[in-house]
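Protein chains in written order, with numbering that gives the first Met the number 0: chain A, 0 to 730; chain B, 0 to 730.
Simulated from the structure, these hints should not be mistaken for laboratory data. Just so you know, not all the hints are guaranteed correct.
One copy or two, either will do: identical chains are not told apart, so a pair holds if it fits within one copy or between any two.
Below, in silico cross-link-like pairs of lysine to aspartate or glutamate (DMTMM-like), each with a Cα-Cα straight-line distance of 20 Å or less [to be verified]:
1) 563 - 95
2) 317 - 611
3) 445 - 402
4) 155 - 347
5) 19 - 730
Number of protein chains: 2
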Amino acid sequence: MTNTCKYSNNYSSSYFKRMKFFAIFLLSITYAALNGQISTISSPGNIVTLTFSMNPDGQPQYSILYKGKEVIQNSTLGVLFAEGKMVNGLLVTGMDTTSYNDKWTPVLGEVKTIQNNYKQLVVKLMDNGDKPKEMSIIFRVFDDGVGFRYHFPFQKNLAHFVVTDELSRFHLTGDHKAWWIPADYDTNEYTYSTSRLSEVNAKKQSDLHLEIGVRKVVDEYGVQTPLMMKTAEGLYINIHEAALVNYPAIQLHVDKINHELSSSLVPDTYGNKAYLQAPFSTPWRTIIISDKSTDILSSKLILNLNEPCKIKDISWVKPCKMIGIWWEMHVGKSTWDYAGTQDMHSWENLSNLKPTGKHGATTANTKRYIDFAAKNGFDGVLVEGWNVGWEDWNGKWKEDVFDFITPYPDYDVKELSAYAASKKIKIIMHHETSGSVTNYERWMDKAYSFMKENGYDAVKTGYVGKIIPRGEHHDGQWMVNHYNRVAAKTAEQKIMVDMHEPVRPTGMNRTYPNWFANEAARGNEFNAWSTGNPPEHETILPFTRLMGGPMDYTPGIFQIKLEKYGKKDNYVHTTLAKQLALYVTMYSPLQMAADLPENYEAQPDAFKFIRDVAVDWDDTKIIEAEPGDFITIARKAKRSKKWFVGAITDENSRVATVPLDFLDKGSNYVITIYKDASDAHWFKNPMAYRIEKFLVDSGSTLNIPLVEGGGFAASVIPATQTNIKGLKKYE
Amino acid sequence: MTNTCKYSNNYSSSYFKRMKFFAIFLLSITYAALNGQISTISSPGNIVTLTFSMNPDGQPQYSILYKGKEVIQNSTLGVLFAEGKMVNGLLVTGMDTTSYNDKWTPVLGEVKTIQNNYKQLVVKLMDNGDKPKEMSIIFRVFDDGVGFRYHFPFQKNLAHFVVTDELSRFHLTGDHKAWWIPADYDTNEYTYSTSRLSEVNAKKQSDLHLEIGVRKVVDEYGVQTPLMMKTAEGLYINIHEAALVNYPAIQLHVDKINHELSSSLVPDTYGNKAYLQAPFSTPWRTIIISDKSTDILSSKLILNLNEPCKIKDISWVKPCKMIGIWWEMHVGKSTWDYAGTQDMHSWENLSNLKPTGKHGATTANTKRYIDFAAKNGFDGVLVEGWNVGWEDWNGKWKEDVFDFITPYPDYDVKELSAYAASKKIKIIMHHETSGSVTNYERWMDKAYSFMKENGYDAVKTGYVGKIIPRGEHHDGQWMVNHYNRVAAKTAEQKIMVDMHEPVRPTGMNRTYPNWFANEAARGNEFNAWSTGNPPEHETILPFTRLMGGPMDYTPGIFQIKLEKYGKKDNYVHTTLAKQLALYVTMYSPLQMAADLPENYEAQPDAFKFIRDVAVDWDDTKIIEAEPGDFITIARKAKRSKKWFVGAITDENSRVATVPLDFLDKGSNYVITIYKDASDAHWFKNPMAYRIEKFLVDSGSTLNIPLVEGGGFAASVIPATQTNIKGLKKYE
């Protein structure tokens, strides 16, 4: 059936004609004025200046200065859709400048309060066709960068439209050094390449990574965001997006000749980018700029551009330190599956599975982890492989693969819920979708009800595999809407969520603080079964992936070499001390002590750091940092006087210098330093560490040597009569 | 993350080698024997004979004789998949013949019991590669035709596979006359074309139908099934499929030169046809053959090939006669939407809708329909437009369009549930998905719970619009799985379901009798707002669309000309008497009296037939029929001695001759005949009818003149002392 309707128009008196004529005349004068004009706004502290203008083709363009020097040359903006375009021949119909300056409190965060201080310019545009369309570009200028987005207001000539391309340009001033991963519609699990922009080759780089299950690189010269860059003059520039809602992820195409980046959106099966309805605002495109690399890491620009928290009652939103039945499967000690993945009889005959005896997620094993968690002050135990479906889950593009509510015969849900509750530990649910998202969405309501009925209030989700709906990609609009739906639904159910293999985050943890972590990058697990993560990897991630939000990196591996498990070619590429430091340098309100309990029991003195470290913070100091080289951070635990320090380095040794001037003046503190032994080395002798305790105060400065691929971690607690006994002052 | 596992094989003794060698030798001899052999099986009554053989290229082929004459010449079979093919170079590894003969009782049906009597041949095949794959072809030979399907058994060398093409051929003996609609991935709502197969032009035909919202014709020479044909010798052949499960719909490509039809499956966005896992059986391809056209209509071959009823407790599975707030919207008297479809403000601002006053589904109007239904013995009232979302629902490819649980402000769910219950009437739920199936699947559980909580136990669904997931089609595998999911889920919830705009049915109403009707063809509604349905339309549908299952055709329009509603170019293309006959000639356990109550109140004498007619049957006699020309059917109501007769004709007048020899011998009956007035004509004078009553018995023969586009309907009830008063015998 079809629905045919008529629309009638009753205007036609000559009075109206004359009024229309006069209005057009007036508007023409205004338009002429506006379109000749160049509009400049500066950040509140006059550090960043944005200039907007229209070029002779009627294209909107902007440029950015940082402390008076050009960072972004004139770069055009525009949007193409199936029903038309807002690209050239546009007219400015209005401009509006406002200021904003306020504080807000993140529910979970790196700091207690965040200042949001910017100048905003709204430019209203119209095309010059016979059915003119309207579009605004909104610029917000901060002292550490710029955000801009497109807005399509409610309007007569544009209702439903399909974006076929976005033409946002970033015309850089040179062939900057960049830390990048290939633009890929389905994965962000690459190691980072460091090169000039002109040397980017996404396809070549992608083909080196056969260990990544699903890859889809289409543009040889495409890179993902967050993109970290450094100019020859030592200026740091980071490009990403904020508030990715109902739109595909942005990627960047590199024009090697002109040093220009242009937006490239992830398509659906038809090559369309987004199906939209006005009024609509795109995500913010963010450009964070500073001459200090530490400013990049401490920037709150992306969070500030996100919508405030949507959850009314946030009493249940909590951080989490967890362990899990997980690494033992990655190192091959046990399996996710119950009946083996090679016996085809177990692939569909779910009622008659024959156990191999290697299943990890058993009632007994889970109790063991619960006991360990309770003994060591953890909040939760993640259990992967608890549910039927693992015999035939991966790489088959199979739709009906898990139902998220049926446990294996050896995993007793009720018994374990009671046991966990008695130990005041939460079991963390696991929902591996295997990329079959239509299946997951069919089960979501039941799966979340099942969780609540059985005392689970946090879930780790996964998207390993090609996406179903077939034709969609991990980073396309449909999947972005899915991840956001999950965040909203879990919030409704008072469930915390940690997503693995989704699109990389864009600050939505402000709006949905229950969405407290993501993987969305190459995590520690790759060390277990591939060439792994080079020593510099963790010195890059905070400048790239973590700009958009916390990462569930799963640090804390003590048994660095995996030959013990029969994997002689696999190992973590850091020292043990660096693994401890990661709890500070890789911000996440959800942190995992990823190793097996027995490996922690073997080194209880080092493990104490993990037991002590906080995951939620009142303050953060980025002490020193250089992308790809080193990071040193100090953080103050929430509602506490305790500080924790972490320093990491790449494949080069160095000395980390840390002035403790953030400590309360006039107070003494006890510092416990967990550092590399002098003969440690990430490859040759990774597990050698030393622990030292000293007295310190705000006048102290630490100088701690880090070996190749090494690090140090430290806890700094107020001195008491008891804990200072026998300690010397640090020098 | 990826999951890498190793598979180890421990067989290698020389004993096993020798045994393997001997087995291969023995098998070779057997294979040679089997592969030279021609295998012939005949139907139980020796009417249909199927011959199977392997051609010199190692391709399986079959041919069919009917009463000794060739109907299908040697036609090859095979399947192509991404991982290989089972097409040529195949070996027969086994053949097995069995017989089957049993009765079964449909829950709802045209007859009380159905005989299932066939001979079956199973041919086991293997390819000759180094990792040989296995496939069986199963043939069932009935006295009125053949069904065959492919089966992939559980096997070592084939687990998950993707069908890229099915190569089933039907090599006809000539350029038969055919009644066809274009092969279209998304719609079956075409008028039928009657032509020789060589004259098929699907694209040209499709382009004549701009009134159909979503069309997707790819093959100029493609037609849909069920395909009805008639040879020059007067033999009737119908090709379709049975038990469409986890597979796309079959369509047929016409080779005009060789008079050969070949299977063409509906693809997904990648051109793949089906994602499968062995063991798997394809749907049955069905070929119904008879020299009597009435045998085609009475064939139970397709139902017999379907799986038995899956519902354990069938006490709640009931037929339904309904009226509905529906036609008044189609004729423009009211609207589905509440706030108009032109005011863009109402397209997303769902909390502030301003009523136009034209909304059809109001509490008051629904009560009016409930009263009418109660007064006239109907079971239910369908209400369309009860739920928020109609302001912006169609043609926008919009995903989040309805939530299926939020009523408009003027539709009081609770009040109406109570009112309907007090009148012992059921309100029938309406779920228009608008093709946004991912949205519907997210809401299904809640939507069905909402139904049960509010006393609704039947739902009419709709799929108007382009499908989301984008890239999928109405007739592809993913959507087939969706419709089947809906049937299973509603069955679990004891809900009856009537689907509009789905893939055409294939006998699954045997397996899920709650799935009691579909539209899936061009229904009566097209007369309200398009060029409509020509007079021959209803004489074709039972030979085509209805071969796969009942149709919710929505007959019973009394106000034939729609000028009364301001639609002077729209009208139904039949007489009123023919509208009555359709309740008998268009089988469905769900029948709608589609017109507005006032039009029935204006002709209560004619309306009596609709009030009286049954919808569920103990027996059916196909009296006479010719596709495209006329159909006359008599049916006996379930658990009753009443019979109902219906006769329809195309644009030609005729006399319907109906021997009443099916009546109980020695009993008298009262017949009430509703026929065209002598000066009636579907266009010139459609609403003129006469009602006559007579006495009849099993010796009587009716001869009723039908005008152009006309018909007659009759109820035949046992004579009693009261009802025979004043009646003459029919002569």
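### Task
Would you list, in rising numerical order, the hints stated earlier that this structure does not obey?
Hints 1 and 5 are the ones this structure does not satisfy, whereas the remaining hints hold.
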